[in-house]
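**Q** Use the sequences and the hints to build the structure in full.
Respectively, the protein sequence lines represent chains A and B.
End of the first sequence sits at 262 in my numbering; the numbers just go up one at a time, nothing left out.
End of the second sequence sits at 385 in my numbering; the numbers just go up one at a time, nothing left out.
These are calculated hints, taken from the structure and not from any lab test.
Some clues are possibly wrong.
Quick list of simulated restraints, FRET-style, between CB atoms [said to hold, decoys possible]:
# : chain 1 : residue 1 : chain 2 : residue 2 : range
1 : A       : P27       : B       : A307      : 34 to 40 Å
2 : A       : S254      : B       : E305      : 42 to 48 Å
3 : B       : Q279      : A       : A87       : 35 to 41 Å
4 : A       : T238      : B       : Q335      : 25 to 31 Å
5 : A       : R38       : B       : N316      : 20 to 26 Å
Over 12 Å on every C-beta distance to chain A, these chain B residues come out as not near it, computed from the model [unchecked claim]:
#  : residue
6  : E281
7  : A290
8  : M291
9  : D296
10 : N316
11 : P320
12 : P336
13 : Y368
14 : W371
The model shown is predicted, which means the values in this text are computed figures rather than measured ones.
A virtual CB, placed ideally from N, CA and C, is assigned to each residue, including glycine.
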Amino acid sequence: MTPLIKQYSRTALGEMVIMMSLDGYIPLLQYAELTLDRFDTLQSFCAELTFAVDEAVWDEDSIGWYRRYHEIAGLLLRTDMEALLPADRRRFLFWLENGTVATMHSFPHRNLWHKSIAWVLHDHSAVESLDASTFPIVRAFAESVEARLKDSSYSAAKEAFAEGPDSFFDTFQKTKFHINVIPGAIVSQHLIGLNWMRRVHILRQETERFIAEGGDVAILEDTVMRYADARVTSEWLTGYVADRAAFRYDRLWSNTFREPEA
Amino acid sequence: MMGPDAVQSGRPTHIEQIEGRQQAMEEAMEVYDDHCRGPNAPEHALIPERALRNMVRPIPTVEDWETEHGRPQPEGDYQPGNGSNFDAADYADEAAAGITIAGAAYLLWQLARVYPPRNLIPF
Numbered sequence: 001m002t003p004l005i006k007q008y009s010r011t012a013l014g015e016m017v018i019m020m021s022l023d024g025y026i027p028l029l030q031y032a033e034l035t036l037d038r039f040d041t042l043q044s045f046c047a048e049l050t051f052a053v054d055e056a057v058w059d060e061d062s063i064g065w066y067r068r069y070h071e072i073a074g075l076l077l078r079t080d081m082e083a084l085l086p087a088d089r090r091r092f093l094f095w096l097e098n099g100t101v102a103t104m105h106s107f108p109h110r111n112l113w114h115k116s117i118a119w120v121l122h123d124h125s126a127v128e129s130l131d132a133s134t135f136p137i138v139r140a141f142a143e144s145v146e147a148r149l150k151d152s153s154y155s156a157a158k159e160a161f162a163e164g165p166d167s168f169f170d171t172f173q174k175t176k177f178h179i180n181v182i183p184g185a186i187v188s189q190h191l192i193g194l195n196w197m198r199r200v201h202i203l204r205q206e207t208e209r210f211i212a213e214g215g216d217v218a219i220l221e222d223t224v225m226r227y228a229d230a231r232v233t234s235e236w237l238t239g240y241v242a243d244r245a246a247f248r249y250d251r252l253w254s255n256t257f258r259e260p261e262a
Numbered sequence: 263m264m265g266p267d268a269v270q271s272g273r274p275t276h277i278e279q280i281e282g283r284q285q286a287m288e289e290a291m292e293v294y295d296d297h298c299r300g301p302n303a304p305e306h307a308l309i310p311e312r313a314l315r316n317m318v319r320p321i322p323t324v325e326d327w328e329t330e331h332g333r334p335q336p337e338g339d340y341q342p343g344n345g346s347n348f349d350a351a352d353y354a355d356e357a358a359a360g361i362t363i364a365g366a367a368y369l370l371w372q373l374a375r376v377y378p379p380r381n382l383i384p385f
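**A** This is how it looks when you write it as structure tokens:
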């Protein structure tokens, strides 16, 4: 598996594999900008990975749930995904390589890029930190990203998934791996990974569109750096803020598995 | 007595739980950014600084422990049935000492009742 995919948190990666094995979850993937010819193949591939681990158990003498998510991630990292169609395998790897999860330390600069959008839109300190000449450009970009993120059909699809009813297989998997998606919950733990994959893929696509329309990506890079300087103060993130080269658009994304232009 | 999975499940389970909470906090921050910032945001309490710190705190590794303590992390500190480092022998000693002190106090109290004898003072 590629070095970028190895950067994922094992727990988060394993959780995504389990979720992608569920019947009800597969329709959500299109909202996270994953497009495949055969989603059923991906689903069965992920289900096979989950079958390979022992059943999770609750033992009153033990110290808690042992869900083995990291073991499933380990299996994914060791496989070559031959079960997928070659084109789908390429798309899936591209999706994974250019994603992120909520934990900051997996892909910090992608997360910072995403967080700068909310800063530009909702934090008055952004107006003071950014140049008056570039602020309208950055603001328009942020609004375009936010407009796509606030697609109500995604929320409706997640709610439909939460409400069920579950298939027999989904019930089995949810019981085995202790998955509980509660209808109406503002933060649903098992959907967080997908939410973040969706956020950064939309961010990447909107950035590509911005550049294709003649926008200067250096303005966006500068905005993210100013956001990090202004708002990111944690002692555990200072190394990321200091690594200025990693903020660059060219370093942010991977084109290794990008589909060739038609 | 802990189950057979207890030792091997300790570290991954804790990583899973800590990361899960960090992810949930990051996600909650997204909700916060959407609804609680800007001129029309409702009044609310600030997010505690400690919560924000823990949201991005890296999970300590074995290497972190070894750097902090200057020695290899010993194996076998955590054993089945000994999860809280509870030492029954130490506890027995402490309990015995407590009982001895309580017994001696009781004896002194009883002696104080009977000595001096009530009829020693002639009125």
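**Q** Go through the numbered hints given earlier and state which of them the structure violates, listing their numbers in rising order.
**A** Result: hints 5, 6, 7, 8, 9, 10 and 11 break, sorted rising.
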